[in-house]
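Chemist: Two chains, two separate frames, one set of hints: put the complex together.
Residue numbers (my numbering), protein chains in the order written: chain D, 1 to 137; chain G, 1 to 81.
Think of the hints as simulated: they come from the structure by calculation, not from any bench. Warning: the hint list may mix true and false statements.
[To be verified] To spell it out: a stretch of chain G is covered by chain D in this simulated footprint if at least three of its residues, at any positions, have a beta carbon under 8 Å from a beta carbon of chain D; those stretches are:
| hint | stretch |
| --- | --- |
| 1 | 8-14 |
| 2 | 30-40 |
| 3 | 58-66 |
| 4 | 72-80 |
[Stated by the list, open to error] A few chain D residues facing chain G, derived, Cβ under 7 Å:
| hint | residue |
| --- | --- |
| 5 | A39 |
| 6 | A43 |
| 7 | L46 |
| 8 | A94 |
| 9 | R97 |
| 10 | E104 |
| 11 | C105 |
| 12 | L106 |
| 13 | P107 |
| 14 | D110 |
| 15 | L114 |
| 16 | L117 |
| 17 | A121 |
| 18 | K129 |
| 19 | A130 |
| 20 | Y133 |
Note that the Cβ used here is the ideal one computed from N, Cα and C, for glycine as well.
Residue strings, one per chain:
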Amino acid sequence: MILITQQVLTTLGWIVLALAISPMVWLIFQPYFKSLSPAERRANGLLHDILTPEQCRQLVWRGYLEVPSPSTAQRVYRVPRARGYVQVIENGRAVMRLCVQPVECLPDADVVVLHKLMIEANEEHYLQKANKYLCSE
Amino acid sequence: MGMLRVMSRRGDDRVTWDEQKVLEGDLEATAAIREAERIFSQERAKGATAFRLDPGKPAQRIEEFDRTAEQIVLVPRVVGG
Numbered sequence: 001m002i003l004i005t006q007q008v009l010t011t012l013g014w015i016v017l018a019l020a021i022s023p024m025v026w027l028i029f030q031p032y033f034k035s036l037s038p039a040e041r042r043a044n045g046l047l048h049d050i051l052t053p054e055q056c057r058q059l060v061w062r063g064y065l066e067v068p069s070p071s072t073a074q075r076v077y078r079v080p081r082a083r084g085y086v087q088v089i090e091n092g093r094a095v096m097r098l099c100v101q102p103v104e105c106l107p108d109a110d111v112v113v114l115h116k117l118m119i120e121a122n123e124e125h126y127l128q129k130a131n132k133y134l135c136s137e
Numbered sequence: 001m002g003m004l005r006v007m008s009r010r011g012d013d014r015v016t017w018d019e020q021k022v023l024e025g026d027l028e029a030t031a032a033i034r035e036a037e038r039i040f041s042q043e044r045a046k047g048a049t050a051f052r053l054d055p056g057k058p059a060q061r062i063e064e065f066d067r068t069a070e071q072i073v074l075v076p077r078v079v080g081g
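So that you can see chain G by itself, here it is in the shape it has in the complex (with noise of 0.2 Å):
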């Protein structure tokens, strides 16, 4: 299973996805992960950076939707204050 969370003032909000069901087909898993990727290119558009999180590993910056990624975390764009 994949998850994508976006930070936001309401926690974070979550879409998850199966992999597998994708590659069999599935419709429904099919429209999870199109609308995981529409929200990544639209916060991504909005300056938002996305992390790609994995059991034991440190962090790791990604620039694309990797649909293999177990958790992709979202977080708004940073400024100095």
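Chain D on its own, in the form it takes in the complex (with noise of 0.2 Å):
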């Protein structure tokens, strides 16, 4: 009997800490399930085709991808790989916070693509659109 209650007691606490893990295994592995995704592929294709190596592997290896504002010299957008604020960096220093999103959703790195041409290309209009939030020191 107590053989048996013992067994029972050590199933249990298997299962508590599988379940207890599985969030954080799932955090661990979900960007690489995304990306099998076929439509995270197509746009890894047109990420790749749009940014130089350089610019790939800061991507990668960063999280973020810069890209220098077209109009102010000392002035950086600081993009992510994933959802999040984009950072505007002046003379070094984070400024502010911008939040943009498209109306649509779209995978990752379409997003990431959206912010750079329009960075590049409609910044003016990018900052029209975008929510600012003021880093304070």
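Modeler: Here it is in structure tokens:
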């Protein structure tokens, strides 16, 4: 009887442990599963067509893409690889965060391309549309 | 060859055309370019922004369909989040 109780408790313990760690495992592997979808693969193709090899490396290793402002020499936009705020860096300091998103749900890689194209060729409109959050020291 | 790429939840939808064949009067190529023009107008009416991409040059925003472009990318309307 004691042996059976111990076995049941051990099994329950393993189940609880598995349930506890499964969200963490999902968080770790989710990007890999997402990148297997046809939409993400196509979006990654467009991203690689548009970025230079150096920009691709920056996106992979640093998790963001830096897009220089065409209008202001000391300003750089830091576009995250996944969804999130775009940071505005001026003279090496973060001065603002921008929140801009497409009205249609797009794969993450397409969102990076969207930010890059809007900043490079339509910066004024991009800034008009963005919700701005000033960074305080 | 020209290519129109339209961003969507499916990744990007593509239409390609051969400008040279259009000039030669090829029916299939003409149909492809008409389809690209139709999609371009339809997406622009929905608020999409169009960019012309040429190798080695910065992206350029365009208002009208340009059949001489090597690549045109249409991005959906954006809003502040």
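Chemist: Please go over all the hints and tell whether each is borne out by the structure.
Modeler: How the hints compare with the structure:
no.: 1; hint: 8-14; verdict: holds (count 5)
no.: 2; hint: 30-40; verdict: violated (count 0)
no.: 3; hint: 58-66; verdict: holds (count 4)
no.: 4; hint: 72-80; verdict: holds (count 7)
no.: 5; hint: A39; verdict: holds, 4 Å
no.: 6; hint: A43; verdict: holds, 5 Å
no.: 7; hint: L46; verdict: holds, 5 Å
no.: 8; hint: A94; verdict: violated, 18 Å
no.: 9; hint: R97; verdict: violated, 11 Å
no.: 10; hint: E104; verdict: holds, 4 Å
no.: 11; hint: C105; verdict: holds, 5 Å
no.: 12; hint: L106; verdict: holds, 6 Å
no.: 13; hint: P107; verdict: holds, 6 Å
no.: 14; hint: D110; verdict: holds, 5 Å
no.: 15; hint: L114; verdict: holds, 5 Å
no.: 16; hint: L117; verdict: holds, 5 Å
no.: 17; hint: A121; verdict: holds, 4 Å
no.: 18; hint: K129; verdict: holds, 5 Å
no.: 19; hint: A130; verdict: holds, 5 Å
no.: 20; hint: Y133; verdict: violated, 11 Å
Violated hints, listed in ascending order, are 2, 8, 9 and 20; each of the other numbered hints is respected by the structure.
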